[in-house]
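Undergrad: Chains as they are written, first to last, in our numbering: chain A, 1 to 297; chain B, 1001 to 1205.
Don't take each hint at face value.
Claimed, not checked - These stretches of chain B come out as covered by chain A in the derived footprint (C-beta under 8 Å, 3 or more residues): (1) 1022–1029; (2) 1123–1131; (3) 1142–1152; (4) 1161–1167.
The hints are simulated quantities; they were obtained by calculation from the structure and are not laboratory data.
Bear in mind that the values here come from a model prediction, so they are computed numbers and not experimental data.
Even for Gly, the Cβ is constructed at its ideal location relative to N, Cα and C.
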Amino acid sequence: MKIKIIFIILVISSIFSCKKKEALSLAGSETMHEMILLVSNEFAKEYTEYVPDVRGGGSRIGITALIAGITDIAMVSRDLKPEEVLDLNKDSNLEEIIIGYDGAAIVVHSTNPIQKINLEIASDIFTGKIKNWKELGGEDLPIEPVIRNKNSGTGLFFKEHVVQKKDLGEKYYNPNADYNPQSIVVDDNIELINRVASTKGAISYIGMGSAGQAGSRIKLLLYSKKETDEPILPSIENVFNRKYRLARGLYLVYKNENKKSVDEFISFATSEKGQLLVSKSGYLRSALEEVQVKANQ
Amino acid sequence: MVSSTETEVPKGKKRSLRNKIHRFIERNRLNAGITISTFIQLGILFFWQTPELDVNKLDHLVEEVAFIDSVSIKDPNMADAPPDDGEVELTDKKKVQEIKEDPRISGAEDAAISGATAPIDLSPSLRPEYTDQARAEGITGTLTLEIIIADSGEVLQARSVGRKLGFGLEEQAVSTYRRKKFAPSILDGKAITVKVLVPIRFSLN
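Sequences and hints are given; from them, build the entire structure.
TA: Below is the structure:
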């Protein structure tokens, strides 16, 4: 009889101890997709009560999902637009935490002899003013710009800073400039890498971490803001020492509603462990080195 | 018929009051239990639900915070009070200063994006410490501070982001970083205000 009672108690307590795992949804930037997957996998090992679900598609997808309340955290690789800030601040306080830095890389086919590019030339290529590699000292080959769809944060960042020449200052900034409508539009980074790797005349832009993952399949161009500046390769070191001048922040955006799973993830991503994973993904960490506070119990 | 307990009492002896009570309880065990339980429950209900006194709750607050210097209390029901969530709000000099936010805070740049130099900590020996309570409770873990360093090198704002460790550790870290001094970020030869993240790990031996 005693054994039966003990058995029943054990069964009941084990049923109650089996807590349901909590889902944590992250969506947005393709640039941040692989990096956040890496961070979230390690997070799930340490915080076993959560099941992270990471989806790409573009920064705009993440922001829209966050506004609609169907994702917990938006991954965003560009500055938020004023109207997005307003929408996100409607119900609760918006939080925007920078977890890393990227150097947006300009990439071409691996056999392209061109080594470097500056902002002015890049703008002329992507708007369609320069149409053939021959004009830049390359082969007699039509230039085929490959751009991301309208959901892309990288696409919007590149358009604003390079195509519209915002980085050259107010005098040169042309907010009406746009991508050549003949450009090939792709949905994600995998498609972009495949397209550039298989098209001899292709040129595109991509986060330096994602470009690094593509390896020798594509070629990174040295970049300078002005023709007279030294052309620099996008790398963690060059973004850190401020030499590469097409750097941007990678943000985790969320509504500050004191949701435990979100707060735990933000702390993990900005901790030493999370920041090392950001570096491992090919991006520059954002947080300073961890400060250790030790005491005797 | 005579009960067994009655037989234990020697004849002719007057029963003591104690014995009488014992006998009474013995006979009316169930009734006595219910009566005692009812009295206890009534007692709990009486002391628990203290009748509400018809006094202004604001008066209580005034008394409670009277010792604090320069504190004023706003009644949210007052006509000229701004609409809020109905809670009574305390405002003191410090809070007024926080409301009038330094414009440099909202304009803080990111050094790595703008191309500015990184700020340098000029007071590295000034570090957060464990609070007695956190140590006693065995609290460990990492918290992250977001700090805004002004063009003058002072820390304009420090706040904790993400999860909270509690037991005064956030407050301790924030107050320590507010006292720190930095060499500011420099962009094109000019000092600028920047924002940085600092993870702080608390561990016990």
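Undergrad: It remains to establish, for every hint, whether it holds in the given structure.
TA: Consistency of the hints with the structure:
no.	hint	in the structure
1	1022–1029	violated (count 0)
2	1123–1131	holds (count 4)
3	1142–1152	holds (count 4)
4	1161–1167	holds (count 4)
In terms of the numbered hints stated before, the structure departs from hint 1 and from no other.
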